[in-house]
Amino acid sequence: MKSLLDGLPQPLVLIGSDERIVASNAAARGLFGPAIEGRHYITVLRQPTLLDAIEGTFRHRQPTLARYLITGPTRETVWKVLAAAVGGEGLTGVLVSFEDITDLEQIGQMRRDFVANVSHELRTPLTALLGFIETLKGAAREDAVARERFLTIMEREAERMNRLVHDLLSLSRVEAEERVRPTERVDVMALIGASVTALRSMAQAAGVVLEVIGESGPVMVQADADQLTQVFNNLIENAVKYGGAGQRVTIAVSREARDLSLRGPAVRIDVIDRGEGIDAIHLPRLTERFYRVDSHRSREKGGTGLGLAIVKHIVNRHRGRFRIDSEKGKGSRFSVFLPES
Amino acid sequence: MEIRMTNAHTAKAFDDDLEIIQAMIMKMGGLVETAILDASQALDTRDEELAERVRANDALIDQLEEQVNTEAARLIALRAPTASDLRTVLTVMKISANLERVGDYAKNIAKRSTVLAQMTPIAGAGGALRRMAKAVEAMMKDALDAYTQRDAELAADVRQRDLDVDQMYNALFRQFLTHMMEDPRNITACMHLHFIAKNLERMGDHATAIAEQVIYLVTGALPGEVRPKGDTTAFVHPDGDN
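Note that the protein sequences, when read in sequence, are chains A and B. The first sequence begins at 1 in the working numbering and counts up by one. The second sequence begins at 1 in the working numbering and counts up by one.
Since the hints were derived computationally from the structure, they do not count as laboratory data. Computed from a prediction, not measured in an experiment: that's the story for all the values here. Treat the hints with care, since some could be wrong.
Unchecked claim - With the Cβ distance kept under 7 angstroms, some of the chain B side facing chain A (calculated, not the full set):
hint	residue
1	GLU19
2	MET26
3	ARG53
4	THR148
5	GLN149
6	GLU153
7	ASP157
8	ASP164
9	GLN167
To be verified - Reference excerpt, derived from the structure (chain B facing chain A, CB under 7 angstroms, subset only):
hint	residue
10	GLN22
11	ALA23
12	LYS27
13	GLY29
14	GLY30
15	LEU31
16	GLU137
17	MET168
18	ALA171
19	GLN175
Stated by the list, open to error - Quick list of in silico lysine to aspartate or glutamate cross-link-like pairs, DMTMM-like style, CA-CA up to 25 angstroms:
hint	chain 1	residue 1	chain 2	residue 2
20	B	LYS134	A	GLU340
21	A	LYS328	B	ASP166
22	A	LYS328	B	ASP231
23	A	LYS80	B	ASP47
24	A	LYS312	B	GLU137
25	B	LYS134	A	GLU177
26	A	LYS2	A	GLU89
27	B	LYS12	A	GLU55
28	B	LYS134	B	GLU100
29	A	LYS312	A	GLU340
30	A	LYS330	A	GLU340
31	B	LYS198	A	ASP279
32	B	LYS229	B	ASP157
33	B	LYS111	B	ASP44
34	A	LYS312	B	GLU153
35	B	LYS111	B	GLU52
36	B	LYS12	A	GLU37
37	A	LYS330	B	ASP231
38	A	LYS312	B	ASP157
Just so it is clear, CB atoms sit at the ideal spot from N, CA and C, and this is done for glycine as well.
I would like the entire structure built from these sequences, with the hints used as guidance.
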C-alpha cells in the first residue's frame, strides 16, 4: 500500500479506522510536514471543510469533495480534495487525495487586478497629455515658446506611461511563471558583478560609489539569470536614487548554514545604503504595488511604483525570502535570501 | 463529531487521550483560521451572509473550548501527568483560551462589517486592513503548524512578526484620526474600522501567545526576552505629529 502511494504524484494521505494517519506519500509530507504518520488526522488537517468531508466519508462510506486552502508565506494555493472510503487487506479507512487547482482560481483574479492597476495609474499622465494637447490646439497654437515647453512635458508623461506599461507587463510575466521554480544553476557573484558594472556610470553621475563585499568563489543558486539580474538592478538603482545621500552603496553576499524560513542553507544578498532611511511605519507596505513613501519624489525620479513588487514576485518564484530593514537617519538594508544550490 | 475517549489504565490509552486533546485544539485552530479569513473577506466584499456565518460558527469554537477544558481537567485528575506530558496538557488549555478570544474578535469583526456594509466606504482603509488580516492569518497558521510539528524555531519567527502587525495598526490609527478630523461624517465608519484594526492587532498578540506556549512545550521554558512590542498609539497626541 505504501509503495502504491509513493508511486502517485498528487499528495495522498491514508487514514485508518482508528482515525490516525496510517500512510502518506512524499508529496503529502511536503504539504503537511515530515512527522504526520501515527497522528490523529485532525491534528494534521485542521481545516473545517476538510474535516467535515472526511468525517462524512467515515460515516456514510461515500466519496466526498472539499476545497482546501493553504495560505503560505509567499503564495496561496487552492486544492480540490477527494475523501474516499477504502478497504481491503485487513484495513478500512479513508484515502484523501489533493489536486492543485490554484491556477484555475487565480487567473480570473489576476485579470481583474491587472485591469484595475492599469486604469488607475495611467489616468493621471493621460489626463495631463490630453490637457496639453487641447491647449496646443487652442490657446497656445501660435506660441512657439509655450509649444516647446509643453511638448517637453508631454514627452515626459508619455515616457512615464511607457515605463509603466513595461513594468506592468514585466510583473504580469513574473506572476504567470511564479509557481514554476527555475531549474538552471547560476552564480550570484557573477550576476551582481554584471549589475554593478552596468550601473556604475549612473551611480557615478549621482555621486555614489558602489562596492561589493562577498565570497571569492562562485555562489550557486537555482535561478533564472535574467530575473535575478532584474532584482539586483532594481535594488541597486533604488539604493542610488533614494539612499544616495550616504554616497556609498554596498552589496554584501554571504552564506548562511541554515535559514529559519527556508529551512536549509541559504545565500544572503544585502543591498545597503547610508541614506535618510525609511520610517518603520512604511516598511510592511513597501512591496505593495504602487505604494510610495513620498509620491512626489518617486514620480520626479521616474519611479513606476512597481519595482519592489516585481522584486518580491521574482524572489517568491525562486522560493526565497525578501526583507527590508531601515532606520531613519541611518540608512536601509534590502535583503534577498535564496536557497543555496 | 464524537471523539471517542477511553478509560483503560495503560500508557497507550494515555497517549491516545493526549493525542485526542491535541486534535481538539487543532480542530478549534482550524475553525478560528477560517473565522479570520471569512470575517476579513466579509469586510472586504461587504458580504452580510458570510458575516452571519462567522457569527454562528463562533458557538462551535466556544463549545470546543469547554470540551477541551473538561477533558484536560479529567486527564490531570486521572493520570497525574508529569514533565513533557504535563506541559502538553497545560499548553493545550492555554492555547484553547487564546483561540477562543481570537474567535470572539473575528465574530466582532464580522458584526461590524455588517454595519459598515451600509455605509460609504472609507478610501484607503480596505487595502490596509486586508494586508493586516493576511499577516495575522499567516501568524496564526504558523503558530498552529509550529505546535503540531513541535517547531520552536518557527514559533520564534511568529513572535518577531508581531512587530509588523503593531506597525500596521499604528499607521491605521493615525490614518483614521486624520479621516475623522477632516470630515466628521466619517467618524462612525472610522470608529468601527478602528475597532476592527484593534481586534486584528489583538489577534496578532494571541497568535504570539500561542507561539510562546509552543516554545514552552518544546523547551520547558517560556521565551526569556521581552517580546517585541510596537504599538505606540497610546502616545499619539492629536495636535502633534508623533
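Hint numbers the structure violates, sorted upward?
3, 19, 20, 30
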